[in-house]
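**Q** The primary structure of each chain is shown beneath.
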Amino acid sequence: MPSIDTIQPVVIDADEARRVRLRKLERTGSWLLPLIIMIAAIALWDRICVWNEIPQYILPRPGVVLNTMIEDAGLLFSSLLVTLRITVLSLALAVIGGVGLSVLFTQSRFIEMSLFPFAIVLQVTPIVAIFPLINIYVDDQTTKLLLCAWIVAFFPILSNTTLGLNSVDRNLIDYFKLNGASRWQTLWHLRLPAAMPYFLGGLKIAGGLALIGAVVAEFVAGTAGQSSGLASRIIEAGYRLNAPRLFAALILISLTGIIIFLLLSWISHLALHRWHESALKQEQ
Amino acid sequence: MPDRTNPFLILQSIGKTFASGVTALENVNLTVNEGDFMSLLGPSGCGKSTALRIIAGLSSPTSGVVDWRGAPLQQNDIGFVFQEPTLLPWASVYDNVWMPLRLRGVSRNDAEPQIAEVLERVHLTGFENAVPRELSGGMKMRVSIARGLVTRPRILLMDEPFAALDEITRFKLNNDILELWQERGFTVLFVTHSVFESVFLSNRITVMAAHPGRVFEQLTIDAPYPRDTAFRTSAHYAELCRNTSDTLSRAMGMETADAVH
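As you go down the protein sequences, you meet chains A and B in turn. When you line the first sequence up against my numbering, it's residues 1 to 284, in that order. When you line the second sequence up against my numbering, it's residues 1001 to 1261, in that order.
Note that these hints are calculated values from the structure, not bench results. Using N, Cα and C, we set each Cβ at its ideal position, and we do this for glycine too. Check each hint, because a few of them may be wrong.
Just a few of them, taken from the derived set where beta-carbon distance is under 7 Å, the chain A residues facing chain B [as the list claims (entries may be wrong)]: (1) W45; (2) N171; (3) A181.
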């Protein structure tokens, strides 16, 4: 596949040269511009603190936040691990639950008709409203948080994978039937691979939601003084007017979310880049 | 060479009415002989594809019988090539061709000689590891044909396989499929709406009429094989095309007369 780099020696007209230049510029700009804006924003944040003489317990300077992150590293990172554990576990359970249920749904329209509304009810009811109930019925702290994060994360996987399993080319289904494929063979060799792009799309959303679910659950549980995740650090820091630590914890949560998203995008790219339209670069 | 007088497949007064009330086929009687290259030619809506689906067993007839003469049909006996290449987009050329064998429990390694042979026959050696999107439309169709032939079927059902291809590619594939057919001696049932294609390929053409779908007339194309580019430009070919075209016009004229309710 010819890329811009391999067709250098060709003589091109001014218009084409301009397009190549523009494309190169866009490629650099796509990471350079956000970086510049980010640095400018942090600098502005710092200046605003200084110019307006804002006290540290209201808005700490970025340098102070960074210092806190380093000084409180032990505390913050052990909390991060707690939150991360809940996030990853609930995401894994969401994958198992979501894919398992959607496979069950595609085995019979009637099962789908019967159960799908319940999945929607679970999805549309705000988790903060359900959590007090979970708090009453479930004893174990980890199970509580897991359940909470799972409820939030599994729906996008379920609905996307169900859509994917049902969007298989009718002719291919006929083709498998013609070759005497069993239900299991059709699922394994045809429906599951065909659903992969949909599933991965759902997974990307679910990754973010699992983190949100974990943090929200900790918030609700944390007020009862039972949790040790990042959210409880934020609450704690809020009570103590320790704004630098609050900011440090907040930034850690954000970074975790970004890393989860990038990781899942990368997995998605690895799985799809050779064949799926969504992962292909447009060539002009 | 198979004996082309030996009946292989007989459709006896096949009718198909959909739940919507549309009658797709009415009293279709058709005999396909062993080794025939038969085209089903007709306007859209004449039920050619429906007939092919019924023969393949993907759909059942409302009335009538599909009679496979001789031995009862095995799973391996039917190859099917769709209008679109209908490949698995995530699988390589090799794995796409392997799939029908894989579904029958043949391992990837055991299938190797068969796959290599059939890929060579459709001129795709060297493309084993390419995925469909890296191939041109014609090459995708070749993979689809290779996949249809890898189980060595006794009959190949083709549902307007070349309709979406450009003319140059179509001519090339026409030559290739004829070559394969002559070499291997299987039977072909070829659905098309192109007069020129059906005359070039077939030894027999069944012209169908629409609303409801039915057999209008059977034609024999008495030009010898192998047919090549010289045949395509010959006066005889032009003559045969004109006759077939006339028959098709009559089939469609009748349709318009009938359509006035």
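**Q** Each hint: holds or not?
**A** Hints, verified against the model:
Contact between W45/A and chain B, as hinted, is not supported at the beta carbon level, the nearest pair being about 47 Å apart and thus beyond 7 Å. About 4 Å separates the beta-carbon of N171/A from the nearest beta-carbon of chain B, less than 7 Å, and the hint is met. Interface restraint check for A181/A: the shortest CB-CB distance to chain B comes to about 5 Å, inside 7 Å, so the restraint holds.
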